[in-house]
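Knowing the structure of chain A, use the given hints to seat chain B on it.
2 protein chains.
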Amino acid sequence: MFAVTILGSNSALPMHDRHPTCQVITAGDELLLIDCGEGAQSQMNRFKIRRSRINHIYISHLHGDHYFGLPGLLNSFSLTNRKDPIHLYAPAELKPILDLQFDAAQAHLSYSLIFHELKEEKEITDLKKFSIKAFRVSHRIECWGFLIQEKEKPKKIDTDRALDFDVPSSFFPQLKEGKDYMHVSGRLVKNEWVTKAANPSRSYAFCADTRFDPEIANKIRSCNLLYHEATYLDDLREKAEDRFHSTAKQAAKMALLAEAKHLLIGHFSSKYDELAPFLTEASALFPQTELAIEGASYLIRD
Amino acid sequence: MFAVTILGSNSALPMHDRHPTCQVITAGDELLLIDCGEGAQSQMNRFKIRRSRINHIYISHLHGDHYFGLPGLLNSFSLTNRKDPIHLYAPAELKPILDLQFDAAQAHLSYSLIFHELKEEKEITDLKKFSIKAFRVSHRIECWGFLIQEKEKPKKIDTDRALDFDVPSSFFPQLKEGKDYMHVSGRLVKNEWVTKAANPSRSYAFCADTRFDPEIANKIRSCNLLYHEATYLDDLREKAEDRFHSTAKQAAKMALLAEAKHLLIGHFSSKYDELAPFLTEASALFPQTELAIEGASYLIRD
Numbered sequence: 457m458f459a460v461t462i463l464g465s466n467s468a469l470p471m472h473d474r475h476p477t478c479q480v481i482t483a484g485d486e487l488l489l490i491d492c493g494e495g496a497q498s499q500m501n502r503f504k505i506r507r508s509r510i511n512h513i514y515i516s517h518l519h520g521d522h523y524f525g526l527p528g529l530l531n532s533f534s535l536t537n538r539k540d541p542i543h544l545y546a547p548a549e550l551k552p553i554l555d556l557q558f559d560a561a562q563a564h565l566s567y568s569l570i571f572h573e574l575k576e577e578k579e580i581t582d583l584k585k586f587s588i589k590a591f592r593v594s595h596r597i598e599c600w601g602f603l604i605q606e607k608e609k610p611k612k613i614d615t616d617r618a619l620d621f622d623v624p625s626s627f628f629p630q631l632k633e634g635k636d637y638m639h640v641s642g643r644l645v646k647n648e649w650v651t652k653a654a655n656p657s658r659s660y661a662f663c664a665d666t667r668f669d670p671e672i673a674n675k676i677r678s679c680n681l682l683y684h685e686a687t688y689l690d691d692l693r694e695k696a697e698d699r700f701h702s703t704a705k706q707a708a709k710m711a712l713l714a715e716a717k718h719l720l721i722g723h724f725s726s727k728y729d730e731l732a733p734f735l736t737e738a739s740a741l742f743p744q745t746e747l748a749i750e751g752a753s754y755l756i757r758d
Numbered sequence: 457m458f459a460v461t462i463l464g465s466n467s468a469l470p471m472h473d474r475h476p477t478c479q480v481i482t483a484g485d486e487l488l489l490i491d492c493g494e495g496a497q498s499q500m501n502r503f504k505i506r507r508s509r510i511n512h513i514y515i516s517h518l519h520g521d522h523y524f525g526l527p528g529l530l531n532s533f534s535l536t537n538r539k540d541p542i543h544l545y546a547p548a549e550l551k552p553i554l555d556l557q558f559d560a561a562q563a564h565l566s567y568s569l570i571f572h573e574l575k576e577e578k579e580i581t582d583l584k585k586f587s588i589k590a591f592r593v594s595h596r597i598e599c600w601g602f603l604i605q606e607k608e609k610p611k612k613i614d615t616d617r618a619l620d621f622d623v624p625s626s627f628f629p630q631l632k633e634g635k636d637y638m639h640v641s642g643r644l645v646k647n648e649w650v651t652k653a654a655n656p657s658r659s660y661a662f663c664a665d666t667r668f669d670p671e672i673a674n675k676i677r678s679c680n681l682l683y684h685e686a687t688y689l690d691d692l693r694e695k696a697e698d699r700f701h702s703t704a705k706q707a708a709k710m711a712l713l714a715e716a717k718h719l720l721i722g723h724f725s726s727k728y729d730e731l732a733p734f735l736t737e738a739s740a741l742f743p744q745t746e747l748a749i750e751g752a753s754y755l756i757r758d
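In the order they appear, the protein sequences are chains A and B.
The opening position of the first sequence corresponds to residue 457 in my numbering, with each subsequent residue numbered one higher.
The opening position of the second sequence corresponds to residue 457 in my numbering, with each subsequent residue numbered one higher.
All the pointers check out, no bait thrown in.
Since the list gives no way to pick one copy over another, a pair counts as held whenever it fits inside one copy or between any two copies.
No more than 30 Å apart at the CA atoms, straight line, and that leaves these computed lysine-lysine pairs for DSS-like: (1) Lys-727 / Lys-504; (2) Lys-589 / Lys-611; (3) Lys-575 / Lys-551; (4) Lys-727 / Lys-539; (5) Lys-539 / Lys-695; (6) Lys-539 / Lys-575; (7) Lys-539 / Lys-607; (8) Lys-611 / Lys-675; (9) Lys-584 / Lys-551; (10) Lys-611 / Lys-635; (11) Lys-585 / Lys-675; (12) Lys-609 / Lys-635.
Just so you know, the hints here were simulated from the structure itself, not pulled from any lab data.
Only chain A is shown next, with the shape it has when bound in the complex:
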């Protein structure tokens, strides 16, 4: 399973029963948390997120609407006596803030909190079936996007054909790696005769908060699902640029530029109660668009 569940879809001011940014990525057996706005814990309760399965937390930047729910979550992990370490990836300045908060509370966490400073565009997490890269986006302060990629999958064996060619099942693991089989008689069975290509690897790109920046397209090229912020509608494009945010139309433009397969837009300004105009505006340019709705899960599809 590879999917994203939206816990918060709003920008800074909590309004219209929408919450600040927070997403949970289901990446196989792991849950990855991206950003952790205030109220993230309550949203996890509400949408039945199994928080014990979260081992990695990614914070894009240090505007409060992207991390003010984190100290409470880290405390709660300790109150429920968590033992597994948490890997936290964030701009360097988060560490002294958390340290001061723990000191002031005289808190001793029940688990290790391993802080990874974001400082270069590179792979930052290597899981069994997924890798996570950090890349820079273009916001008023240092801000990071994240690209979550499925690793290359092994080939699929066409069992009937492999048996037809008398390939013993003990050799199947090597078939998956692409090797040919040689019978003791010297007869060769070419790998492609008995295997099928694996399903292509999928990827999810998270881009918030950022103004429209064509350079980002190269960093997320051909992703299956692009989450891009769309704080405003395009009539407020100047305001968006001024505040280092994007419009729904610009999000769609980025999806086109990056040749993304699908687009998910969120981080809506509190000034908008109705979200339908965001979908109308973005899908006019990029039809495979969906609105980020809190509580909804979006599969990352081919």
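What follows is chain B alone, placed relative to chain A:
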């Protein structure tokens, strides 16, 4: 109007749709905020609290469930372009935490944030009709209680009698201050003949988080409404003492000792879904007890 509205009644872990500690005191025209757990802003939206009327914020201590909603609230004040200053009363260690957070966000507040360090037991705020005192309670880390007292009220004029005695209405302000009236003829009108005693001044005491500590009774003597924490039921008295918390029975005992008129209990542990046993336990000892229910307002009565 003198009342308290509960925005959060739970202890540290948000559960059972209860939230961490946060209260709004209506003190005449002013709203005073006591503690500001995570989600305080959403609770203010939900219960229609006019946050522009909040000028004073009191933070009892630096366990996260009492202040993790504060940075977001202070940010939101700025996003909505507030101009009036905010007076913030808290333990000293809160200031560098907020400063680091504002620095990391490169935030510039639209209003002055005036920080008052809590360090002695004394009057900390002097409003037109109310005064607020801070006093120490007994918790694992430095923790403060707050006593909000109506100032002494002017006497009430018995208008019919004042006219019978030919006291001119221009003298009524002095009558309220307790002065006698002397006619030009030399005839004296004693103040008590034409006035009635004012309604007695009322007071509200906030005590959380604290273990049962008899010394607190002297600091809140005869208050009209005592809010006292009741994290556990009395069968877990040892656990409560160990964690510097109180039981419902101990809260009732404090109300008796302090000769409070009414008792309000809150800060319930997340382990309890049902709250009725708290009311049963406390009111057995102190009948004038109520449960702190989120969204409910409690008048401070004689």
